[in-house]
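Same order as they appear, the protein sequences are chains Z and S. My numbering runs 78 ahead of the 1-based position in the first sequence. My numbering runs 78 ahead of the 1-based position in the second sequence.
Some clues are possibly wrong.
As the list claims (entries may be wrong) - Taking lysine to aspartate or glutamate and the EDC-like style, the derived pairs with C-alpha atoms no more than 20 angstroms apart in a straight line are: (1) S:Lys258 / Z:Glu370; (2) S:Lys134 / S:Glu80; (3) S:Lys107 / S:Glu80; (4) S:Lys366 / Z:Asp155; (5) S:Lys394 / S:Asp101; (6) Z:Lys119 / Z:Asp155; (7) S:Lys170 / Z:Glu370; (8) Z:Lys258 / Z:Asp300; (9) S:Lys170 / S:Asp124; (10) S:Lys366 / S:Glu337; (11) Z:Lys366 / S:Asp155; (12) Z:Lys170 / S:Glu135; (13) Z:Lys366 / S:Glu357; (14) Z:Lys140 / Z:Asp155; (15) S:Lys258 / Z:Glu357; (16) Z:Lys258 / S:Glu357; (17) S:Lys366 / Z:Glu163; (18) Z:Lys258 / S:Glu370.
What the hints contain is simulated information worked out from the structure, not anything from laboratory work.
2 protein chains.
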Amino acid sequence: MEQLYIGADIGGTTVKLAFIKDDGSIVEKWEIPTNTESEGKSIPTDISQSIDEKLKERNIHKEAIMGIGAGAPGFVDTSSGFIHEAVNIGWKNFDFGSHLEELTGFPVWVDNDANLAALGENWLGAGKGCTELIAVTLGTGVGGGIIANGNVLNGANGTAAELGHVTVVPVGGVPCNCGKTGCLETVSSATGIVRKAKEIARSYPDSLLQTLLKNGELTAKDVFDAADDGDEAAEKVIHEVTDVLGMAIANMAIAINPEKIVVGGGVSKAGTQLLAPLEKAYRKYALKRTAEASNFGIAELGNDAGVIGGAYLVKKNK
Amino acid sequence: MEQLYIGADIGGTTVKLAFIKDDGSIVEKWEIPTNTESEGKSIPTDISQSIDEKLKERNIHKEAIMGIGAGAPGFVDTSSGFIHEAVNIGWKNFDFGSHLEELTGFPVWVDNDANLAALGENWLGAGKGCTELIAVTLGTGVGGGIIANGNVLNGANGTAAELGHVTVVPVGGVPCNCGKTGCLETVSSATGIVRKAKEIARSYPDSLLQTLLKNGELTAKDVFDAADDGDEAAEKVIHEVTDVLGMAIANMAIAINPEKIVVGGGVSKAGTQLLAPLEKAYRKYALKRTAEASNFGIAELGNDAGVIGGAYLVKKNK
Numbered sequence: 079m080e081q082l083y084i085g086a087d088i089g090g091t092t093v094k095l096a097f098i099k100d101d102g103s104i105v106e107k108w109e110i111p112t113n114t115e116s117e118g119k120s121i122p123t124d125i126s127q128s129i130d131e132k133l134k135e136r137n138i139h140k141e142a143i144m145g146i147g148a149g150a151p152g153f154v155d156t157s158s159g160f161i162h163e164a165v166n167i168g169w170k171n172f173d174f175g176s177h178l179e180e181l182t183g184f185p186v187w188v189d190n191d192a193n194l195a196a197l198g199e200n201w202l203g204a205g206k207g208c209t210e211l212i213a214v215t216l217g218t219g220v221g222g223g224i225i226a227n228g229n230v231l232n233g234a235n236g237t238a239a240e241l242g243h244v245t246v247v248p249v250g251g252v253p254c255n256c257g258k259t260g261c262l263e264t265v266s267s268a269t270g271i272v273r274k275a276k277e278i279a280r281s282y283p284d285s286l287l288q289t290l291l292k293n294g295e296l297t298a299k300d301v302f303d304a305a306d307d308g309d310e311a312a313e314k315v316i317h318e319v320t321d322v323l324g325m326a327i328a329n330m331a332i333a334i335n336p337e338k339i340v341v342g343g344g345v346s347k348a349g350t351q352l353l354a355p356l357e358k359a360y361r362k363y364a365l366k367r368t369a370e371a372s373n374f375g376i377a378e379l380g381n382d383a384g385v386i387g388g389a390y391l392v393k394k395n396k
Numbered sequence: 079m080e081q082l083y084i085g086a087d088i089g090g091t092t093v094k095l096a097f098i099k100d101d102g103s104i105v106e107k108w109e110i111p112t113n114t115e116s117e118g119k120s121i122p123t124d125i126s127q128s129i130d131e132k133l134k135e136r137n138i139h140k141e142a143i144m145g146i147g148a149g150a151p152g153f154v155d156t157s158s159g160f161i162h163e164a165v166n167i168g169w170k171n172f173d174f175g176s177h178l179e180e181l182t183g184f185p186v187w188v189d190n191d192a193n194l195a196a197l198g199e200n201w202l203g204a205g206k207g208c209t210e211l212i213a214v215t216l217g218t219g220v221g222g223g224i225i226a227n228g229n230v231l232n233g234a235n236g237t238a239a240e241l242g243h244v245t246v247v248p249v250g251g252v253p254c255n256c257g258k259t260g261c262l263e264t265v266s267s268a269t270g271i272v273r274k275a276k277e278i279a280r281s282y283p284d285s286l287l288q289t290l291l292k293n294g295e296l297t298a299k300d301v302f303d304a305a306d307d308g309d310e311a312a313e314k315v316i317h318e319v320t321d322v323l324g325m326a327i328a329n330m331a332i333a334i335n336p337e338k339i340v341v342g343g344g345v346s347k348a349g350t351q352l353l354a355p356l357e358k359a360y361r362k363y364a365l366k367r368t369a370e371a372s373n374f375g376i377a378e379l380g381n382d383a384g385v386i387g388g389a390y391l392v393k394k395n396k
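Construct the complete structure from the given sequences, taking the supplied hints into account.
The following block contains the structure:
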């Protein structure tokens with residue numbers, strides 16, 4: 079009987095689930111809606127029932143399942159699977175791991191979703207086999223995951239690797255959702271890029287950026303497209319954003335000394351248009367020897383990173 | 079027969095050596111001069127001979143020795159004990175660990191000296207028992223050591239935790255010995271504090287700082303003493319230095335999420351005069367939940383941190 083791992087990636091809208099083989103290949107993946115009503119209390123039952131149905135449908139014996147690796151966007155006590163807080167889900171002091179174990183009868187490991195995505199990339203993606211890895215996710219916000227000595231860093235209370243909340247503008251920075259000001263997330267998220275574009279476009283009345291802004295809403299992708307068309311204002315936005323991000327990653331690299339830096343999330347679709355200036359800035363701010371050890375790559379697993387990381391969490395701990 | 083560990087802390091001037099019991103108590107400690115001639119090639123022999131003599135003198139059987147844990151100021155491959163570079167000692171691509179193993183017949187583990195000091199504080203000092211710890215040494219330069227998931231971070235090529243080289247002044251910073259500009263070391267080392275004091279004193283012609291400067295050389299200690307006497311210029315220096323240091327530590331804490339931050343080195347003798355404003359700045363720049371998990375302490379083991387950390391390195395790996 080072939081061993082299988084279950085990966086579960088719990089987001090604010092859907093829960094992604096997958097049966098995954100020992101070599102990381104996905105046997106089946108599916109999604110269920112995330113029911114955030116009543117502080118998300120039905121989620122463990124929803125997951126358990128959906129897994130049961132799928133096991134029956136595929137005629138898979140329960141004995142084949144080695145365990146569940148689950149990720150959630152919040153502060154997780156990885157030793158117990160207890161969730162201190164996961165705002166988008168509605169959980170607060172929720173004993174998710176034990177609950178899911180009881181319901182399914184499978185052993186359950188839980189971690190932060192960004193950490194699991196890093197672990198997924200570490201197993202089968204752009205950071206394959208690296209003992210030291212920094213993963214950065216550039217989307218609406220900025221997320222992070224760190225692998226050091228071959229293991230995910232969770233920290234003393236589940237807030238390790240929150241790269242989006244490194245302070246990059248010590249004085250006069252934009253307010254961040256976390257309550258601080260001048261966080262990296264305010265600069266190099268998709269939202270931050272658009273904010274910077276609006277700011278810079280004001281000084282470039284004839285720029286493509288300014289024209290786009292007059293015609294409606296601007297996206298981070300528009301900024302990269304405009305830069306690709308040679309728009310000076312857009313190039314300036316990308317230069318400034320990657321300079322700050324490169325410094326923040328370099329400073330984190332000084333703690334971790336990574337072999338690989340994996341960049342994912344929506345903004346990473348810009349590819350080398352993002353990576354080239356980012357790597358240049360990184361090498362300017364990193365210690366020479368630290369920079370020599372590391373290279374950059376775009377995340378490879380896309381939306382599957384979480385469930386694959388979940389499977390790997392089981393594989394590593396089993 | 080009681081088991082003993084040997085700690086060796088190799089500095090540019092002396093090698094500190096100690097026999098240490100399983101509970102961390104020091105049976106005997108002594109020093110030998112560091113012979114940096116001919117690229118420091120005699121150092122392994124010097125250490126080996128000195129240990130042999132001391133074992134005879136104390137009538138200790140070789141079988142009682144569990145191994146040697148050695149620290150050196152440089153980039154170390156901890157898996158092999160190979161030193162990529164240790165400028166102050168003269169070593170470059172020096173196979174120190176294997177060499178010392180052959181000479182002594184004892185198993186040898188090697189790590190960076192700042193990492194061993196962090197490990198020492200983690201075993202018996204201010205960071206006792208912490209799974210996550212950041213140690214900062216404020217002396218002529220700024221050194222760092224990190225414990226995460228209970229283990230020292232060494233990184234991909236031995237440059238992890240080089241906290242002194244985090245960039246804190248992105249534009250127009252002072253040149254650092256490492257070749258970059260605006261490193262933390264240029265701001266919050268003893269040297270950096272004196273530089274800042276000279277800069278600020280110019281705007282305070284009637285200050286105690288200015289008077290001290292006219293009378294001769296100023297030290298970091300003078301700045302803390304002047305602040306203690308209520309000198310406004312000196313207070314401003316301490317405020318600015320601790321603000322930058324607090325932000326750099328907060329940003330590193332966002333990677334590590336430490337339980338404890340241990341501050342050592344000559345500058346740490348200022349005690350709460352340093353720690354109070356430092357902790358205030360840290361809490362301003364750290365994520366709220368990260369700050370809640372952590373507190374500050376002054377390093378407790380002084381010059382013994384290295385040899386005690388060395389002993390613990392053996393104890394952990396044995």
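A quick look at each hint next to the structure:
no.	hint	in the structure
1	S:Lys258 / Z:Glu370	holds, 15 angstroms
2	S:Lys134 / S:Glu80	holds, 16 angstroms
3	S:Lys107 / S:Glu80	holds, 17 angstroms
4	S:Lys366 / Z:Asp155	holds, 17 angstroms
5	S:Lys394 / S:Asp101	holds, 13 angstroms
6	Z:Lys119 / Z:Asp155	holds, 18 angstroms
7	S:Lys170 / Z:Glu370	holds, 17 angstroms
8	Z:Lys258 / Z:Asp300	violated, 28 angstroms
9	S:Lys170 / S:Asp124	holds, 18 angstroms
10	S:Lys366 / S:Glu337	holds, 14 angstroms
11	Z:Lys366 / S:Asp155	holds, 17 angstroms
12	Z:Lys170 / S:Glu135	violated, 63 angstroms
13	Z:Lys366 / S:Glu357	violated, 30 angstroms
14	Z:Lys140 / Z:Asp155	violated, 27 angstroms
15	S:Lys258 / Z:Glu357	holds, 16 angstroms
16	Z:Lys258 / S:Glu357	holds, 16 angstroms
17	S:Lys366 / Z:Glu163	holds, 13 angstroms
18	Z:Lys258 / S:Glu370	holds, 15 angstroms
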